[in-house]
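Each chain, letter by letter, is given below.
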Amino acid sequence: MNRLTKVAVWIVSILQVSFVIIAVGCAKNNSTARNFKNLYADEKAILAEKDKQNDFTSPQIADTSFKVSEIKEDIIWYTSNPKTFGSARAKFGGTFHSFINEFPPTFRSVGPESNHSLRDVINNNVPLVEINPETKEWMPAAATHWAYSKDGRTVYFKLNESMMWSDGVPVTADDYLFMYSMMRSPNIQDPWYNEYFTSQIISLKKINDYVIAVTLNEAMSPDDLLYNASVTPRPAHFYQNKPIPANYTELYNWNPEPVTGPYYLAEFTKGETLIFKKVPNWWGHVYEYNKYRFNFDAVEYKVITGGNDVVREYFFRGALDVIYLIIPQEWVNTQNNPAVTSGYIDRYFYFYVPNDGIHGVFLNTKAFPFTNKDVRIGLYYALNMQKMIDTVLRGEYARYHNIGIGHVFAGIAFDDDTIRYPGFDPVKAIQYFEKAGFTKIGSDGIRYNEKGQKLSFELLYSSPNQTERLTVLKEEAKKAGLEINLKLMQSGSFSLVREKKFQAWWGGMSTSLYPDYWEYFHSENANKPQTNNFFGYASKEMDALLNAFRSEKALEKKAELTKQIQRLVYNEALVIPSYTVPYIRIAAWKWIRFPVWISFKYWDDFADPIFNGYMWIDEGIKQEIEQAMASSQLLDAQIYLNDQYKTN
Amino acid sequence: MLKKQLHLDPLLKRRIAHFKTITRARISLKLLVTFTVFTLFAELFINNKPLLLYYNGRLYFPLLRTIILGTELGLSNQSEVNYRELAQTIKQTGNGWVVMPIIPYNAIEQDLDSYTMDDNPKGHTYIGLALQREKQESSDPRDYQWVALHHMNDMLLPLEDGSSATYIALRFADNISGPARLQFNEKTKYVTAYVVDNHTDTVSYNWQEIDSNYGIKVSQKEIYIWIKFADTMQGLLLPPYKPSFKTRHILGTDRIGRDVLARLVYGFRTTLMFALIFNIVTYCIGIGFGFIMGYKGGMFDLLFQRLIEIWELIPFIYVVMILSSIFKPNFILFIVIFTLFGWTKKTWMIRALTYREKESGYVQAARCFGSSTSIIFFRHILPNLLPAILTSLPFSINSSISAITALDYLGFGLPPPTPSWGELLATGTSLFLTAPWILLSVLTALIAVLLMITFIGEGLRESFDPKHFTIYQ
Numbered sequence: 001m002n003r004l005t006k007v008a009v010w011i012v013s014i015l016q017v018s019f020v021i022i023a024v025g026c027a028k029n030n031s032t033a034r035n036f037k038n039l040y041a042d043e044k045a046i047l048a049e050k051d052k053q054n055d056f057t058s059p060q061i062a063d064t065s066f067k068v069s070e071i072k073e074d075i076i077w078y079t080s081n082p083k084t085f086g087s088a089r090a091k092f093g094g095t096f097h098s099f100i101n102e103f104p105p106t107f108r109s110v111g112p113e114s115n116h117s118l119r120d121v122i123n124n125n126v127p128l129v130e131i132n133p134e135t136k137e138w139m140p141a142a143a144t145h146w147a148y149s150k151d152g153r154t155v156y157f158k159l160n161e162s163m164m165w166s167d168g169v170p171v172t173a174d175d176y177l178f179m180y181s182m183m184r185s186p187n188i189q190d191p192w193y194n195e196y197f198t199s200q201i202i203s204l205k206k207i208n209d210y211v212i213a214v215t216l217n218e219a220m221s222p223d224d225l226l227y228n229a230s231v232t233p234r235p236a237h238f239y240q241n242k243p244i245p246a247n248y249t250e251l252y253n254w255n256p257e258p259v260t261g262p263y264y265l266a267e268f269t270k271g272e273t274l275i276f277k278k279v280p281n282w283w284g285h286v287y288e289y290n291k292y293r294f295n296f297d298a299v300e301y302k303v304i305t306g307g308n309d310v311v312r313e314y315f316f317r318g319a320l321d322v323i324y325l326i327i328p329q330e331w332v333n334t335q336n337n338p339a340v341t342s343g344y345i346d347r348y349f350y351f352y353v354p355n356d357g358i359h360g361v362f363l364n365t366k367a368f369p370f371t372n373k374d375v376r377i378g379l380y381y382a383l384n385m386q387k388m389i390d391t392v393l394r395g396e397y398a399r400y401h402n403i404g405i406g407h408v409f410a411g412i413a414f415d416d417d418t419i420r421y422p423g424f425d426p427v428k429a430i431q432y433f434e435k436a437g438f439t440k441i442g443s444d445g446i447r448y449n450e451k452g453q454k455l456s457f458e459l460l461y462s463s464p465n466q467t468e469r470l471t472v473l474k475e476e477a478k479k480a481g482l483e484i485n486l487k488l489m490q491s492g493s494f495s496l497v498r499e500k501k502f503q504a505w506w507g508g509m510s511t512s513l514y515p516d517y518w519e520y521f522h523s524e525n526a527n528k529p530q531t532n533n534f535f536g537y538a539s540k541e542m543d544a545l546l547n548a549f550r551s552e553k554a555l556e557k558k559a560e561l562t563k564q565i566q567r568l569v570y571n572e573a574l575v576i577p578s579y580t581v582p583y584i585r586i587a588a589w590k591w592i593r594f595p596v597w598i599s600f601k602y603w604d605d606f607a608d609p610i611f612n613g614y615m616w617i618d619e620g621i622k623q624e625i626e627q628a629m630a631s632s633q634l635l636d637a638q639i640y641l642n643d644q645y646k647t648n
Numbered sequence: 001m002l003k004k005q006l007h008l009d010p011l012l013k014r015r016i017a018h019f020k021t022i023t024r025a026r027i028s029l030k031l032l033v034t035f036t037v038f039t040l041f042a043e044l045f046i047n048n049k050p051l052l053l054y055y056n057g058r059l060y061f062p063l064l065r066t067i068i069l070g071t072e073l074g075l076s077n078q079s080e081v082n083y084r085e086l087a088q089t090i091k092q093t094g095n096g097w098v099v100m101p102i103i104p105y106n107a108i109e110q111d112l113d114s115y116t117m118d119d120n121p122k123g124h125t126y127i128g129l130a131l132q133r134e135k136q137e138s139s140d141p142r143d144y145q146w147v148a149l150h151h152m153n154d155m156l157l158p159l160e161d162g163s164s165a166t167y168i169a170l171r172f173a174d175n176i177s178g179p180a181r182l183q184f185n186e187k188t189k190y191v192t193a194y195v196v197d198n199h200t201d202t203v204s205y206n207w208q209e210i211d212s213n214y215g216i217k218v219s220q221k222e223i224y225i226w227i228k229f230a231d232t233m234q235g236l237l238l239p240p241y242k243p244s245f246k247t248r249h250i251l252g253t254d255r256i257g258r259d260v261l262a263r264l265v266y267g268f269r270t271t272l273m274f275a276l277i278f279n280i281v282t283y284c285i286g287i288g289f290g291f292i293m294g295y296k297g298g299m300f301d302l303l304f305q306r307l308i309e310i311w312e313l314i315p316f317i318y319v320v321m322i323l324s325s326i327f328k329p330n331f332i333l334f335i336v337i338f339t340l341f342g343w344t345k346k347t348w349m350i351r352a353l354t355y356r357e358k359e360s361g362y363v364q365a366a367r368c369f370g371s372s373t374s375i376i377f378f379r380h381i382l383p384n385l386l387p388a389i390l391t392s393l394p395f396s397i398n399s400s401i402s403a404i405t406a407l408d409y410l411g412f413g414l415p416p417p418t419p420s421w422g423e424l425l426a427t428g429t430s431l432f433l434t435a436p437w438i439l440l441s442v443l444t445a446l447i448a449v450l451l452m453i454t455f456i457g458e459g460l461r462e463s464f465d466p467k468h469f470t471i472y473q
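Protein chains in written order, with this note's numbering: chain R, 1 to 648; chain C, 1 to 473.
If you're looking for bench data, these hints aren't it; they were derived computationally from the structure. Treat the hints loosely; a few may be bogus.
Stretch-level coverage of chain C by chain R, calculated; a stretch enters the list once three of its residues show a Cβ under 8 Å from a Cβ in chain R [to be verified]:
no.: 1; stretch: 13-19
no.: 2; stretch: 70-79
no.: 3; stretch: 112-125
no.: 4; stretch: 183-189
no.: 5; stretch: 222-234
no.: 6; stretch: 253-267
Predicted model only: the values in this text are computed from it and were never measured. All C-beta atoms in this analysis are idealised placements derived from N, C-alpha and C, irrespective of residue type, glycine included.
Isolated chain R, as found in the complex (with noise of 0.2 Å):
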């Protein structure tokens, strides 16, 4: 070859291969263009439903228009008409993968082992009346319509006449007596079953085939009835309409039965996964509050063992769609994380009110050195709550400062929010342990009294995560003269607790709609043992209040007493509370979407597919996110914030 056909050869193949980069880049930078038509047509959609006006309220009507001749007295029916909760932007289709730690020990609803964390997924059926998650007043659900017999004990029910089965086969009231007559059944091996349905609902009756009555047995204020006679169904043609059998916990342990719900159990690999699939023209969308929701098509469990570490890997890697960031070190952790910050993963921040019950460091008055009161005050300007919660919590928690929140019931506030418990002070800590006695001090510090008693105490706490929150009260308490010494024991802790054989605890209760602070407080339980009275307390006040609290019917006069019991307790001293966590936050690949609002004032869980459901999946938005991260394009990493409701 000459020269001049080398260098033409040359000019030729770089031309080539200059054209080929030219364009692919020209490809690239067109497809740009249109690559997130979705996602942009979304946040646009965003921007328009942020100036939406939205009324969550629904407050209880009375239906004078609706009767039932069956029933001979006089009673007004009630019924209420929440709007839409749901966002119009919603999308329907898709699969949500989520997870579970260990495969459920069987699918029936009662009996032996049925008791675990995916029981109400599995068994899904819709309760006659449903509470609204902005402000917990009553909205229909399996029932239209309630009404309260002047007997005081009874409700009766309208069912919805839409209503079926997942199956297909519609639900009427024999589905209630055979539910009634199975939880009696000692074939199912379940006695609180046989006992709650005996001596707490004494009777379930039919009253045509759309209308039951269910009574209680003993007479209570009506949204009590109520909230208590809210039953399921079971499906009777499952079984045949038959009694259930002797065999029923090996027949039906792997057998899931038909559901009222929205999904129900489709497929299982045992040991591995639940599908659960959308029930086809779900009844349930025929009111407006369950428009635009229970969106995905199929929900997907599978079991991920390992803790957390596992299922985070899980979620980075696509694998699950959604998961939590409650701890303030996991949100820390996750906004360094390569997905998040070239945004195809977002986080959603709601701060809600959250529903408590009595949390923090539980006072013993029968033990040294909490006899005297002034010693119980003083630990309250001894107690450094506050800088714990700055420090190993990031200031992300929020003080907690009373025994309840979030107890709201048929719209009545059960909780004082105005008491404050105070924040650490050591010079009133001293004076108030002076007052008790403790005026002198030794040679490490720590005070004490007149019979060589030092102010110090032995705190026990049950799980060892907490070690480094109480470090810090230990080291601030030093400042007050107080000497506490941290206890762990890991099992072992309540039952000392229950048998008052302690001087204080870490701990925390659960609580339900509205507190009942009878076992936590009246004297009756201050001596005995393996009772909730872990405070040894009794005091006349106290026991008046408690009994009117039982004797009274009306919920506005039991919210008057339940506030008054809270503030006896601030004054008594007997409990300095810790923290609550008043927010919920998650990480959500960007095709998971929500709501403008995220989500509803008292609800926990915004992010459960099977019970709220107001997120959904938008494919397009899918398919140009995969695309991105094929080819490594960034987006903007978004943070959804609802604050509203925030206290502090």
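Assemble the complex: chain R is given as a structure, and chain C must be docked to it using the hints.
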């Protein structure tokens, strides 16, 4: 009595001389003894109390007293004096002088206020922005406006500009070609700041590198923005803190602000004391029982052997864990529990050696002459047991250090907040991604100490070996 024998015994002299020729063992012994002595006097070097304090005309020795209350020095608080604060005040007012230890922290106190503001965004959740008209960086967190990173949707800083209030907007980018983002994340390298008004041309941004020391110049204005990062709304950093010479946290802190070096040194003291005391006690008991079993022999030996075998069946670690979780013992009780279930190990070797020694000529001769058992033990048998005892001692110390560290790691050891290496290991493992210095420092220390003890043990074994050269086959 033993010392007299060492003086007289040329054999032992030769063994010591041999030991000195083994470099590894000699250096390890010297280092270990230095470290041990250092930890015994750790209060002089690592402490939050000063060595000497001259204040208000009086000389104080805080180390000799447990606590000096604030009221004693005329200060307001009724608890222990904060000596670091006092040192600052003294420096400013000149009201005396104070000699603080090199590392002014002890192993228990929590230092939560030493660190403010970081230039590096890694691991922080708040961003601070300060507007300055001069090109002067401020080191006071109060000059900065702090915003949570998750609250940043559109950063607009108000600027009082004469009559009208204008705003400065910020945009961030990962590389100089954009795209412009509203939020800051750890990949952000470029930032631009411009005044927001109707005439702003938002298409062309003037990107500046975020890492520069020059502050970010706002377009068209003589204003500079300084960017810092922190963990709280007040511009403070939360522990775990990085190692830093300025704050004297040489190995950083753990999650509640406790100095890692202090916990390492004091933990070493606890662990080493525990290991030494435990081994001395069990060796004494083990030698005693082993000798009696071996010497007496016969039925006594048979019976006792069976008893020891039954006692040995009790799983050591489990029982210690159970007992410590029920009783939550202090140091002494721990040694008691360990000794109770760990003394049987030493008896076997001693018993076998005693059997062998019992048959030797001089022992039999001594018995013929009517020597008492104790003389036979101390004069004839014990010196011959010494090689075996001394060579197994270091490895036994090693295993007890590992045992107590393992128990502390699981949380069944000494109660909090006692410093210990096991607890440091546990903290370091859980914090490894955010604070690797904790785990690295305690692992290095643990490996170094165990290695040194092993070298000493090897050296001892070699020096007690009658042959000059041993060939391992």
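Hints the structure fails to honour: Hint 1 is the one this structure does not satisfy, whereas the remaining hints hold.
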